[in-house]
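Using the sequences and the hints given, assemble the complete structure.
Spelled out from the first residue to the last, the chains are:
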Amino acid sequence: MQKVTIVKSKAMPLPIKDVDTDLIIPAQFLTSISKDGYGANLFRRMRDNDANFPMNRKDFDGATILVTDSNFGCGSSREHAVWALTGAGFKVVIAKSFSDIFYNNSAKNALLLVVLPAAVVDQMLQSATSADYEVTVDLETQTVTLPDGSTHKFEYDQFRKHCMLNALDDIEYIRSHAADIQEFRERQEQNRYMSTRGA
Amino acid sequence: MSVAATKKSKSGSAPGRAASNVQAKPGSAGCQPASAKIARNIVEKIWDAHVVKQLEGHPCVFAIDLMLLHEVTSAQAFQLIESRNIHVFDPSRLLATIDHSTPTRQNRWEIYDEAARTQVETLRSNCKKHNIPFLDFDSGKQGIVHVVGPELGVTQPGMTIVCGDSHTSTHGAFGALAFGVGTSEVAHVMATGCLLQKKPQTMRVEFKGHFRKGVYAKDAILKLIGEIGVGGANGHVIEYVGEAVRAMSMEERMTVCNMSIECGARAGLIAPDETTFKYLKGRSHAPSADKWDAAIDYWSSFASDEKSTFDKSVTIDLDKLEPIVTWGTNPAQNVGLSEPIPKLETLEANERAVAVRALEYTKLKAEQTLEGTPVEWAFVGSCTNGRIEDLRIVANVLKGKKVSENVTMYVVPGSEAVMKKCHEEGLVDIFRAAGADFRMPGCSMCLAMNDDQVPPGKRCISSSNRNFVGRQGPDSITHLASPATVAASAIAGCIASPAEFL
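Chains as they are written, first to last, in the working numbering: chain A, 38 to 236; chain B, 652 to 1153.
Mixed in with the good hints, there may be bad ones.
These stretches of chain A come out as covered by chain B in the derived footprint (C-beta under 8 Å, 3 or more residues) [claimed, not checked]:
| id | segment |
| --- | --- |
| 1 | 50-63 |
| 2 | 68-80 |
| 3 | 102-114 |
| 4 | 141-147 |
| 5 | 199-213 |
Bear in mind the hints are in silico, worked out from the structure with no lab data behind them.
For glycine and all other residues, C-beta sits at the position ideal for the given N, C-alpha and C.
Here's what the structure looks like:
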């Protein structure tokens, strides 16, 4: 996992509520066994059907911050949705809210999800259409700075923040509790009625 | 239809009426196991029983009892643990099958799409290498991952179950805490048997009253999703309660829990009871006779205490519920068959924008009713409604009738075991006599990862779980409904109520 620190970029607007994982990357593109290559089909349908979709506009080339509405990433648990966003170069998504599984998946792939108040997001969605709307997101200070100089604090889980800033993943943390895990499983054995052996 | 919400609804009593937006229960974000004296709901009990380690300010190290694997979301997880030279923690807590990208034609061993073939072969070889039980084609056990787990009896009350699939919530029907995870978390469970988790909030959904003729569990869950919206249960685990839930079969309970994710819930579950135990008894991986009584004692402890509380509460009255069909591009955009699609002016501004876009895609108009809308495709199957009981209902509707000549109907059993029963019970003859295409088991047209796709511009009435844009194939239009409504519509050639066919 890559370290996440300060991201400065023009913001690409996607003023749509409840953007689902099938819209982010349709199931037809999930047959790979790698984490790579999904960026090419990010938002495939919208790119194919709307010449003015921001990803089709040259002036949004290089944007690494996506701004969208509420409940972004709802639907499937496919981590491919996150890989499609990071594969297309996105490092931050700013929204009014996110779906749960998508939120968890993002944190494990150095994709920073930022929740800001609805009024701020609405303002950003309107202003960002011009493609010269440069936004700075700083995880360390948990702030988003807009072109008008205004700075907005966002909440972020401190444990996750530590992991994002230092490129740590969960496996080693969990494995550091190996003794606790072993003790738990021994204790749990008396109530274990399930084994998949022989299936 | 009343939706009530309370700040702290009690488990045993009906929730009072309040605003439909809900406030959080204070102090619910913590992770400490509650003492035995404090009344706990079922979610809290399962949670407490699986906390391995909780450090201040950190997420819980949370034990997972069973992880199900399929071909689409596992390959990268195997790569990750192998790249770090980590062994699979406990293969007897893992179970794999192939379902998403597999063909449903007779000869399934030959997968034409190279990437899909590689995906299936990769899972097959990974399971062999890591000693993970793998349910292959023609094993008699292969099927949709959320159909086969319960069939084998590995899905049991009080367990924690994950899978790289959002419809893992299906297993909640047995009183298990079951939820979808991404591929990174699949790797975490492979490596450690644990996940880092934050304690979820809880929501109580009561289904009151009784189903009318032609109305089913699918209609009840679609109604809930329509009432609270696609994000209405974000961050929450739902417990479904009420007389209607107690009267439901396990298949119906699975349909309800399955679609919990469609209102954003982390999971949905139902406390185990006699219906649960009866379903499990005698299954190949259910506890043996000598352990059965002890298992029942343990499982029965997973019930919400009478005075336990929930962060949110909703009540849905089933007495007047009619068959529900979706009109838009998310499962919350639904109406009863006699109701019109909402007037745009009655919707909130941002909901209106979503509705306008959805109606443009589904080629429908606000304020029209759905009954009579011509359909070209009908799909029965999926982890939502591909079980034997669903197919019996469909056969009952189709018996002695013909699918409209304008409609192509796919009936895809959820598993090889369901398929076998369909043959034994004579259902296959009914499907074929009616002109439906009875196919081999898998996810099929629910997400159209294989060749089973609704052609562009065509309209499909479907027993599946998502009507997202392009879900059943690029530019396809989906109407979600119960299996009975799908069958009735297939005969009529247009969206139709099942009541007259029963």
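A quick look at each hint next to the structure:
no., hint, verdict
1, 50-63, "holds (count 7)"
2, 68-80, "holds (count 5)"
3, 102-114, "holds (count 7)"
4, 141-147, "holds (count 4)"
5, 199-213, "holds (count 6)"
Checked against the numbered hints given earlier, this structure breaks none of them.
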